[in-house]
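From first to last, the protein sequence lines are chains Y and V.
Using the UniProt record's numbering, you'd call the opening residue of the first sequence number 1 and step up by one each time.
Using the UniProt record's numbering, you'd call the opening residue of the second sequence number 1 and step up by one each time.
These aren't lab readings, by the way, just hints derived from the structure by calculation.
Some clues are possibly wrong.
[Claimed, not checked] Partial list, computed: chain Y residues near chain V (C-beta under 8 Å): (1) Ala-66; (2) Tyr-73; (3) Ala-90; (4) Ala-171; (5) Cys-172; (6) Ala-267; (7) Ile-271.
As the structure is a computational prediction, the values presented were derived from the model and not from experiment.
Virtual Cβ for every residue (Gly too), placed ideally from N, Cα, C.
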Amino acid sequence: MDTHLTDDVVGPLPGDYKSDVKPIWCPGCGDYSVLAGITRAMATMGLERHDTVVVSGIGCSSRIPAYTSVYGYHTVHGRSLAVASGVKLARPELNVLIFGGDGDGFSIGGNHFLHACRRNVDMTYIVMDNQVYGMTKGQASPTTEADWCESKLTPEGPGVNPIQPVALALACGANFVARGFSNNPNEVARLIVEGVRHPGFSVIHILSPCVTFRPEQRNWKSTVHPYGREPTDDPNEAMRAVLEDDGFGLGIFLAGNRRPFQPESAATRSIAQIEEGFAV
Amino acid sequence: MTVDSVTIALVGSGGAGAMTAGQMLLDAAANVGWYGLMSRSTGPQIRGGEAAALVRLSPTPVHGPGDRFDIIIAFDWQNVERFAAELPLSEKSVIITDPSQGEVPAVLAASGAKQVELPIKELAGRIPGGRVNMVGLGAVAAIVGLPRAGIDAVIQKALGKKGDAAIQASNAGIDAGSKEAAGWNLGLELAAPNKEGATRWNISGNEAAGLGALKGGVKFCAAYPITPATEILEWLAPNLAKTGGKLVQAEDELASIAMCLGASFSGVPSITATAGPGLSLMTECIGLGVASETPVVIVDVQRGGPSTGIPTKSEQSDLNIAVYGLHGDAPHLVVGPTSIGDCLFTTQWAVHLAEALQTPAIVLSDQAMGQSRAIVDKPADAPHKANRLLATDLGGEAKYKRYADTESGVSPAAIPGMPGGEHTADGLEHAENALPSSQASDHQKQLDKRLRKLTSHDYGDAWADVEGEGEIAVVTWGSATGPSREAVRRLEAAGTKARLVAIRLISPVQPAKLAAALDGVSKVLVVEQTHGAQFHKFLRGHYDLPGAVSVFSRPGPLPIRAREVHETLLSLI
Ligand SMILES: Cc1ncc(C[n+]2csc(CCOP(=O)(O)OP(=O)(O)O)c2C)c(N)n1
Ligand code: SF4
Chain Y
1 MDTHLTDDVV GPLPGDYKSD VKPIWCPGCG DYSVLAGITR AMATMGLERH DTVVVSGIGC
61 SSRIPAYTSV YGYHTVHGRS LAVASGVKLA RPELNVLIFG GDGDGFSIGG NHFLHACRRN
121 VDMTYIVMDN QVYGMTKGQA SPTTEADWCE SKLTPEGPGV NPIQPVALAL ACGANFVARG
181 FSNNPNEVAR LIVEGVRHPG FSVIHILSPC VTFRPEQRNW KSTVHPYGRE PTDDPNEAMR
241 AVLEDDGFGL GIFLAGNRRP FQPESAATRS IAQIEEGFAV
Chain V
1 MTVDSVTIAL VGSGGAGAMT AGQMLLDAAA NVGWYGLMSR STGPQIRGGE AAALVRLSPT
61 PVHGPGDRFD IIIAFDWQNV ERFAAELPLS EKSVIITDPS QGEVPAVLAA SGAKQVELPI
121 KELAGRIPGG RVNMVGLGAV AAIVGLPRAG IDAVIQKALG KKGDAAIQAS NAGIDAGSKE
181 AAGWNLGLEL AAPNKEGATR WNISGNEAAG LGALKGGVKF CAAYPITPAT EILEWLAPNL
241 AKTGGKLVQA EDELASIAMC LGASFSGVPS ITATAGPGLS LMTECIGLGV ASETPVVIVD
301 VQRGGPSTGI PTKSEQSDLN IAVYGLHGDA PHLVVGPTSI GDCLFTTQWA VHLAEALQTP
361 AIVLSDQAMG QSRAIVDKPA DAPHKANRLL ATDLGGEAKY KRYADTESGV SPAAIPGMPG
421 GEHTADGLEH AENALPSSQA SDHQKQLDKR LRKLTSHDYG DAWADVEGEG EIAVVTWGSA
481 TGPSREAVRR LEAAGTKARL VAIRLISPVQ PAKLAAALDG VSKVLVVEQT HGAQFHKFLR
541 GHYDLPGAVS VFSRPGPLPI RAREVHETLL SLI
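Looking at chain V on its own, in the form it has when it is part of the complex (with noise of 0.2 Å):
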């Protein structure tokens, strides 16, 4: 007997390494053909303390964490306590457990799951340079039936640089490791891997918005590390060289905004990345942005709570702030990823949309896309560019008006080496000649323009992923997308026909568009991660939500799973 998808937790203290052989499981996992995803559980430390990789893998595309976990195996129980919330198990996992380190804990064991002992550090030790975490893999890929060809060119990738005998004792711990658990029969062996279709990448979220803005057209980058958005900035800080453009450190996300301003005032385009306390620090700048019509892409990765909150874990809690957060009249881009792949399409649209609108466009994503690592499908190419609309008639009789204002509310852009365009950009309000002006006409007719360019732009079925038909819809977004995707399917597998959408461009909003979408629904669930159902007000104060609507909303760290929103979908029905 086989299942259709395998969870799976690999814990231990900081130094075991879970996380490299999460990482390793993955790896192999992509080799042989499954698709899978991997998040990452850690305390806020910066090493040592409680670590976890939560591993999910399937023959078909993964949207978000399993139901519960199948297979805990621990390297030690050192800490444990402190996410057993995040471990949720049944009568029908299983627990791998070291003997030598002691009974499970009493929060684990009360699930009622089968405990099968293995001797992990034993069988590590008796292997010249062993190690515990190859001794679970081994086990864990015996379990879910991993063939080995996958493993191996893992580990001659990760360590062909380290030599022989470090190749020698990975594959003994490994060989030790599934030995043991071969004679198990657990049945949660993986029904057997598709290898046909489109090539598959194994990608992060973060790296997938990194590069959704080198294929977007970003040449410049100011960066100030924040746990979780620093990878974004690590990975762009050598691709953007290679690719002819910039990365500076700056002193603060005061002035990683404002170099970016500076950037894009000339003509580069530009972004930052940050989580919720730097996005507070640059709000000040992105009002400047959309005053002084100066595109610039800010990705915010959320986190748990304000301030530092809970550095390490996902919430779609700035959802506020990014929307509501500038001061004035502020109209702005708000857009958020659907899952850890659309990172790159949504961020290379976001690119696209500041440079096209003149305006600051803020990416919303979360620790739990940014930080997770996904086998995709290859994202398909998306045609979107920086393309700022430069003046073209400059130096004649008439003097350049910067802030003309046109039909669409995009006024042609003048930028540095443009002879005959020099003006003044500015955040104080202005005339369309680009001088300071405070007369109401003025203000009114500026304000006028930036929010016109926003909401007569075409923004086209990029807008939200629709998918689904029947009475009863999900409408969501972010990473709370994947389990309402799942919970949809399973709902619509069992023969209730039930509609997803989630929204990609949360501002400007788009009510036609929407309503089109919920035509002839009589029953709405509001699902996203929030204490206190942002989304859903945010919903709720700007569109015509049709039928009764339910929302299931809860804050960090647990994630959100398909079963939830499929048990709340079928209470509903």
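With the rest of the complex left out, here is chain Y (with noise of 0.2 Å):
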């Protein structure tokens, strides 16, 4: 059964944000509890469901949009921001949000996520990663070890460092960037609240595992620990918090309060009135 997150809160319960898709997840994935996540947020929040538009890209994580009963586009491999960026800039009074895995995200999409935290388009992403490519069957992403020797096609391991998510999002700017774990869906629920609430453009962080190709991820239950900090509006500060952090630390590291990106627009002309400068 359904519950809220506090007891007196009457309204929309998460089960109204789901649909009656049954996911393609592995048993054990930890997509489903960041879902259960999401739809307790969306009820905490009691948001209209025709006015919340969800987006994706490709891979496991991507496919929630079909899990949740708004209004959702899924979309291509990487896109998923730019795709957002666009509901939001032209109809503002939609709540967006985005969701996808560590290589939509930070592989092929990795200029755009780049662009959507300096630009700040007040919409929220959360990211689920599980330092692999579920989707394609297990391979390296921009986020797994360097000596991470199980995918094929990397049989050495990538031979590459990791990148560190919550830091290349403060690097580029994003307002708000917070971790959570998808185990406590409770707490996903929480920082996505927040994120939605907080104007501008909110990273959430998750950790979620893929017991399938990455089963020793299933020991993150006794890796992760709270992140202890209170969360702070300068940049600086949060970045030299998260880059001591060992990456498991779980909370909100940056509220920042940078001015959301979204151009105005008012009528001021007809189009008869702009063809008059071609006349001769």
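Two chains, two separate frames, one set of hints: put the complex together.
Encoded structure:
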């Protein structure tokens, strides 16, 4: 049965935001709990389903839109942030959330991630990091360790350093940066709620184990720990603290105060007036 | 004696002001009631280097470049070898040259053209603040018989803000040039302008495409600059804002098209513009637009060659990628404007079609149309507007089916904000209810529907520009239409009937309509600006062409000239 974050809330239930499509994920995949966290967050905020748009790229995690009951756009590999930016810039009144994996977000979509952070459109990006390409059956992703030798594509290990998504987001100017762990959907939901409510571009990095290609990630349960500091609005301070962290600290690192990007527009001239400019 | 058309090249390395003088010449001619066309020849350099304003003036509408240049005026001869092939001359041509700039280059002198000396630099030097391009403008104006009043108005408009000194210097330069040229009697005086008739516009193809987008109802544009498409985006930036729309500069073409799809998914008609390399980057998302049934318009201003190719010169060689570039089976719209003015109609039509059929539309313009400016009769207003079929009976018992398999193939769309229409649009194959499905029957059904909505639509007469009759026909498209039209008219003026079919709707193909247009034809000449005859092969692949078929096909950067098409037609008779 669906539970509310707090008992005294009346309103939609998380189940109201679920579709009746059965996920194709492997049993035990971390993404199930992330989905639970997402629908809990939506219920907590009481989002209007018809005013909410979820956008994803391609990957196991990117299948989420079909499992929700709001408007969704399941796009192509790596482009979700650009598609979502188009939605939000064209229709600022909509709630826009983006879901995807570490490969989708930081490899093929790396440039869009960089620019989404610096553009600071008011939307929330939930990136499910399993340090592997799940959907294509277990290749190294940009967050995979250099010496991970389980992929046939890189049998000697990828040999290059993994990127650190939270540090990357901070470096690129994201306005709200947090990390969660899929095992705790309530905490995931809380971070998403905070991210959505915070104006500007929010990045919620969620450690979400791929039990099939990285079964050892089940141990993340004992690896993760609270980040242990209050969120700051100073990106430099956040960056320093994040670099000291081991990549498994959970919490909100930055709640910055940059102004969101949203060009205003108002019709001041008719097309007939514009046409007059061409008359000889 | 007067002539019906004059073609003029104003040549000078960057800074000489050839482009400005050409622009002013065209504007002045427009003011007094002539028609005209100005294209530019520049190299890929950012500033400096070679530059030529190529202007053709006539009392009647101008369809393409002249057969050869009647007048070349050179402020200097630097780098002219680089584009000498673009400056065809004959013994009847006149080369106006400043003796201080040395001899006329051999490549041009070899034409046997008459040479006239004009001490341009010296004349300009005598005037405080004098400029060589104004002296040149004065000389050309005198040769073609351009009334001074037309130039005065242009100077006032261009320099009014700069103050009296600038206006005086320009006037003095123009006077000096025209005084020298007044006595030359070159026999190149243009027939009297015809000021009657409709309002005229002074517009470039890229501006016309931007205006077509506005008139079609576009309210969102995502932009990434690339020559020669940038002017569309630059024109749209302020004008979209004035009409309540938005333009955003994206990080690349992948993002531009993706942002447009997002905006369109949310219900806002969207456009982007690019050139070949950008179109390649966009193809995956265009395919997403096809499968997710999200309308979007992409204007591809074609240019020479693959990759950067010859970025400032025209070609029609993106036809293949525009038609066949998407992966999987991805039926979509491809249209091509047939003239500078038609960039307005065709882009507006593309917005209408994309929205009506809920699919991407690629508009194939090219550098020769996009970056050229013409004096045209004000284009007639077209009724085409963005009008997406929206779902109405949402929220009832029956669950909304985004991809319902309707008779026309068009399914009523629900957009965010509409309660009861929640669904996930998807590039992943899906069933009618938008849920992912890899079943053969769903794939077949959805592909059928995506194709059917294109093939069962009635495109009316706009599918092509058809004119003339007779047994010989030119079939062409895009900016090859102008010279083809002129060639057909010349043939007719000399007593041989001929037809022109300029296909505007490239895809989906219209076999019945082309068959009707070519009924009774025994000889077909296909005209296009590619090396590999892409359009000819495309026609062969999709149409039955009657009788003997010949091809006039040449790559850029040399524009196709009416004389060449005319001579080819004569050789076929
Ligand atoms: C252009 C393109 N390249 C490659 C692929 C194949 N592909 C699909 S999903 C994927 C990686 C998914 O990994 P990630 O984003 O980390 O998501 P996960 O499946 O792990 O959730 C790849 C490479 C594709 N669909 N499109
Ligand atoms: S492959 Fe990994 S990421 Fe994909 S569904 Fe299975 S467990 Fe989840």
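**Q.** Numbers of the earlier hints that this structure fails to satisfy, in rising order
**A.** As far as the earlier hints go, 4, 5 are violated by this structure, in ascending order.
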